[in-house]
Amino acid sequence: MTNSVLSTLAAGTLAGAAVGLAATANVAPSGISSAESTVNQLKSQGYQPTDLHLSTLTRLGGRMTQANIAFDDHPSARRFTNHIDTVTVDSMFAWTQRTGLSQSPQLIKQ
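Numbered per my numbering, the sequence shown spans residues 270 to 379.
A portion of the hints provided could be inaccurate.
DEER-style ranges, computed between Cβ atoms [what the hints assert, rightly or not]: (1) Ser373 - Ser345: 32 to 42 Å; (2) Ala304 - Thr325: 16 to 26 Å; (3) Ile338 - Gln317: 19 to 29 Å.
Note that these hints are calculated values from the structure, not bench results.
Cβ atoms here follow ideal geometry from the backbone N, Cα and C, with glycine treated the same way.
Given only the sequences and the hints, what does the whole structure look like? Please build it.
Shown next, in the form of structure tokens:
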């Protein structure tokens with residue numbers, strides 16, 4: 270029963286995310302631009318990235334042990350104060366709800 274509810278909830282969430290992201294394409298920045306201009310455009314539309322608090326040791330450890338982890342593209346002023354702004358599912362769901370592109374997640378009971 271619990272697995273069924275969780276599976277249904279997960280499927281509903283993914284379906285909602287797909288619909289929300291399809292609608293997001295209408296307001297998302299288009300064309301080739303710099304990362305900074307894209308971030309500024311999204312922020313002007315109310316998007317707020319997730320602020321991860323990562324210590325220097327954590328960032329260094331990730332960089333040394335995984336080839337795909339790097340923080341060089343984050344602004345130095347934020348990075349050196351242990352703040353890494355990043356896109357997460359949570360920040361995307363919050364943004365699509367604030368802008369009216371999606372509704373809040375719904376629990377589906379069987």
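Checked hints:
no.: 1; hint: Ser373 - Ser345: 32 to 42 Å; verdict: holds, 37 Å
no.: 2; hint: Ala304 - Thr325: 16 to 26 Å; verdict: holds, 23 Å
no.: 3; hint: Ile338 - Gln317: 19 to 29 Å; verdict: holds, 23 Å
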